[in-house]
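S.K.: Chain by chain, the residues run as shown.
Number of protein chains: 2
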Amino acid sequence: MRTSIATVSLSGALTEKLTAAARAGFDGVEVFENDLLASPLTPEEIRARCADLGLSIDLYQPMRDIEAVPPDEFQRNLRRAEHKFRLMERLGADTVLVCSSVSPHAVDDDALAAFQLRRLAELADGFGIRVAYEALAWGRHVSTYDHAWRIVEAADHPALGTCLDSFHILARDSDPRALEGIAEIPGEKIFFLQLADAPLMAMDVLQWSRHHRCFPGQGGFDIAGFLRQVIKAGYQGPLSLEVFNDVFRQAEAGPTAVDAQRSLLVLQESVGLTAPPAPVVPTGVAFAELVSPDVEPVSELLAALGFTRTARHRGKPVDLWQQGEARVLLNTGPGARRDGTQLAAVGLESPDPAGAAKRAEALLAPVLPRRRTPEDVPLDAVAAPDGTELFFCATGRPGLPDWTSDFDPADPADPTDPAGPTGPTGPADTTDPTEPAPGGIHRIDHLALTQPWHQFDEAALFHRSVLGLGALESVDVADPYGLLRSRAVTNADGSVRIALGVGPAPSADDGDRAQHIALATDDLVTAARRFRAAGGRLLAIPANYYDDLAARYEFADGELETFRALGILYDRDADGAFRHCYTETIGRVFFELVQRDPGHRGYGARNAPVRLAAQHVRRPVR
Amino acid sequence: MRTSIATVSLSGALTEKLTAAARAGFDGVEVFENDLLASPLTPEEIRARCADLGLSIDLYQPMRDIEAVPPDEFQRNLRRAEHKFRLMERLGADTVLVCSSVSPHAVDDDALAAFQLRRLAELADGFGIRVAYEALAWGRHVSTYDHAWRIVEAADHPALGTCLDSFHILARDSDPRALEGIAEIPGEKIFFLQLADAPLMAMDVLQWSRHHRCFPGQGGFDIAGFLRQVIKAGYQGPLSLEVFNDVFRQAEAGPTAVDAQRSLLVLQESVGLTAPPAPVVPTGVAFAELVSPDVEPVSELLAALGFTRTARHRGKPVDLWQQGEARVLLNTGPGARRDGTQLAAVGLESPDPAGAAKRAEALLAPVLPRRRTPEDVPLDAVAAPDGTELFFCATGRPGLPDWTSDFDPADPADPTDPAGPTGPTGPADTTDPTEPAPGGIHRIDHLALTQPWHQFDEAALFHRSVLGLGALESVDVADPYGLLRSRAVTNADGSVRIALGVGPAPSADDGDRAQHIALATDDLVTAARRFRAAGGRLLAIPANYYDDLAARYEFADGELETFRALGILYDRDADGAFRHCYTETIGRVFFELVQRDPGHRGYGARNAPVRLAAQHVRRPVR
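Residue numbers (UniProt numbering), protein chains in the order written: chain A, 1 to 622; chain B, 1 to 622.
No lab work stands behind these hints, which were simulated from the structure alone. Any given hint might turn out to be false.
Unchecked claim - With the Cβ distance kept under 10 Å, some of the chain B side facing chain A (calculated, not the full set): (1) His-83; (2) Lys-84; (3) Phe-115; (4) Ala-202.
All values derive from a computational prediction rather than experimental measurement. Glycine included, each C-beta is placed from N, C-alpha and C at the ideal position.
Pulled out of the complex, with its shape left as it was, chain A reads as follows (with noise of 0.2 Å):
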């Protein structure tokens, strides 16, 4: 179906809304009736404009307060509308939205409800003008779709229809059956279609509406039973998205933009009017690249934790550092130094890496070159919001591209290598790097990275469409300055999973956004134990935490003393525990030991604030 949105949905001038939406793949566009007032474009300027970005006008809104009201009034309201339609004729816009009066003046009368809106859609067809007539939740008299339709249906005349808007009628009764009084509305007389999201929220409806709409699939709502009832009534029009939202009010047009093309072409998906490449599911982290302008501390830090620099890039400065199934690509190429540490790119274990960057593609995110130079295995390759490329990798498996063919086994005799094949600490380990030892790192349990502040929603239904991974819920972090919020995205299995974080306020630089690498381990004390004999430094954790974790729990004889000297941090649900330490941060860059029981399917978030407050602090114990 055809797309649209309203041009409140998104930030700045008239003139960036219409280039944000055409650039995006929109057909069409809602003026918002304030973006053309504060525009400097005149009405015949901003049509040339669409035309020029190929965007239809599909709708202009709102006309608020007509009907149901005294004749003085509605004589006022007409000649009010007749100014409108005037304007809509020089914009070259067929349909204008009229809003359920919130008027103190309407009376609770449907019939002259009808008779007025009959009126008025007299005058709007004279110009070739339809109007659409929606009720607002929170309308004096009439705030439910079945009702309007009654007022529409009475008042009999072709110019008038109804505007269907998911908002306004799930954020009153989402109750499925409600729903099905849609599927019995002719087709040709519902003339428009808003589509919201909301997270479910027990608030004042208004306010709801107002600040907290989000694209279809960021919130609650189930968009896709409500739009299966309007397609099953036979409406035509396009799918149009009005989403009141004070984030994204702040945030960029462009990515706002395409984040929300992005939920319709999901939103058509789930419905099956459209089929795009099916999800590839990720099957396990290939490898986590940081770049580093700091290649000494962090290769210490790396070997101190165990991985062994097994192989080296051909034609980049690019390290493979590998312990069990993890792998830790170090980049220190040019864009380190501009970026100082950070985790830039994920690999993920792919069934089928083309078809998971078609999907990618399909769904508008960033494709990234497949080769890099000449010589490199072509890696199909996106970028996720956050600006981290993400790998779609094929590790060791016959007939697929495999990026480790790019990489050459470290040479310890080689004079160019500062840092020898097992780093600047460690003499050479001579066991299969495949093979932990006790207390050695299996796999990369998950990531974390922290999300621009504007795209926190988009996130989560970024891995959730394209990466076809599952989102918990979001929980609430207290750090000393702020509060945070995450919500991990996962696989079925777990093998895959990445924690989305978000700041308390939108920061000017970026660059301190934290990130971290959460390894697997079985047996987390020896893994600290060796990691502090290799000279690692691990977070100190306050002894108040410890005193608290012995009125919680009941731990076997020294367990909790271990844990104390160790800073290993505990929780446990009934799925089992999850033990976790912290090592000191490079750059934006920390890792994490985790010991997870196999059913536990937490993060550690309720010591979250303790870690969040010893990092504040900044002294390592060692």
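Put chain B on the given structure of chain A with help from the hints.
M.R.: Just chain B now, kept in the frame of chain A:
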């Protein structure tokens, strides 16, 4: 009464919170368990730190999910409690908060709850500790204060009492009659009193409590009415603030603690517990002081607005520009070069300047030195939360210090005077500057000051409590790049009006916060024309705006065209019309010209989105 604050109400590490609380004059604190767990200080060190700071530890909190559970779970709970009582011994805290259970295992059995709470109190008693039992508004079976009290009464143990929390009580039922039962509780059984206000919102009470609590007087609850009942009961303990607020979590602890203490001072005054110096409501705006390194463009702008440079400060590079009762000081001293053009100070006409300053000082406003130099007239002045200096003035009133005595009449013959008496653009004006010409400025209509993001709610409370102004409702205003909020404070006759604004997000650079001075005229069209004729540039307003005005209102012949030509905005309500237009911006500052019908109380909020968009375009019309 003694004042206390929960550490959770302030940002930072525990030691920062304690220091901030002590500096703001609190007598004690509630130690929030998570703050203790995250602190590297031992309980003994925290105890010593509090003692050094002169703070008592009035409460340790919270203990959760204790009562009305199966016996084995209760045994585990007692074990946990014993750990905490030992900790409290070390900490030197003698009262613990127990919140009514939210555990799914809790049963609805008051007798069991009473029995188990009595057991807990017996255990506590052995440590010299008192248990204060509080009903959470979302408690599983106990959610009202009277229910909690009935259980405490039934348990009948001297070490068990109740804790009353204004949020939990008023969020559930704010009917004054529902509060009368409080006075029936024996005062000595009210072990603790927690105070928090909140904006009136229809939303999930748990979310409301965790994110939107605020200090008394900042929200919509009748905290004074609640407190009167508690005092009537005979409560003798501290007034303690327990405020969970997303903004305070990010704000600096020091200013937040001062704001918190001020809220308790005002609350105590409102129930007659204390009698600080009474507010002295200002009766007018004596002057607005701009500091600016750009003397020439600002002087040009003032001259074009019809101001005359009438006097110069005897000892400092400060010029007085005057027109009618509107006075603008232009300060080009050393501060100007550092901060750019901004509105740095406001003179408020005060019936009793010394009394106004005493009131401000009693409410913790920073008092500024009365004499800047030995020669200056002594002036009473304090700093507002945003740093604006507020001078309490008695302009031309015999027997009171008059700030104008520091100024000498401008001397056109003075070679050190770059501007001359009337500014660079016009000839000497021989009329009396207190008698404005037609279309002239009579007075300052209002001042608009954008507040630091973290202190918007506090700013309103400051202006209400310190200056005795009334506050209007907060309004949302759509800027193209985010939603702004604005709240006006004003005296009864509207001769002092200050619009407090706040941006959509914390800004790294508070220096980009806009400020403006609105000047009142009786004839805006003439004023705007005179301004343009004198070389002034008015903000261009889009033609579309005027087409909309034509749709909404009927105008006299030619009136709308005049508005359109001059960039005049128009609003109207039942109390009359409001016409206004804007100058260009210099630094952070611009001017507004206002023609206000006598009864109109607005500030053109309806037009603000158009004005803000036009200011982003920055394309002045001439």
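S.K.: Does each hint fit the structure? Answer for all of them.
M.R.: These are the hints, each one checked on the structure:
| no. | hint | in the structure |
| --- | --- | --- |
| 1 | His-83 | holds, 3 Å |
| 2 | Lys-84 | holds, 6 Å |
| 3 | Phe-115 | violated, 22 Å |
| 4 | Ala-202 | holds, 4 Å |
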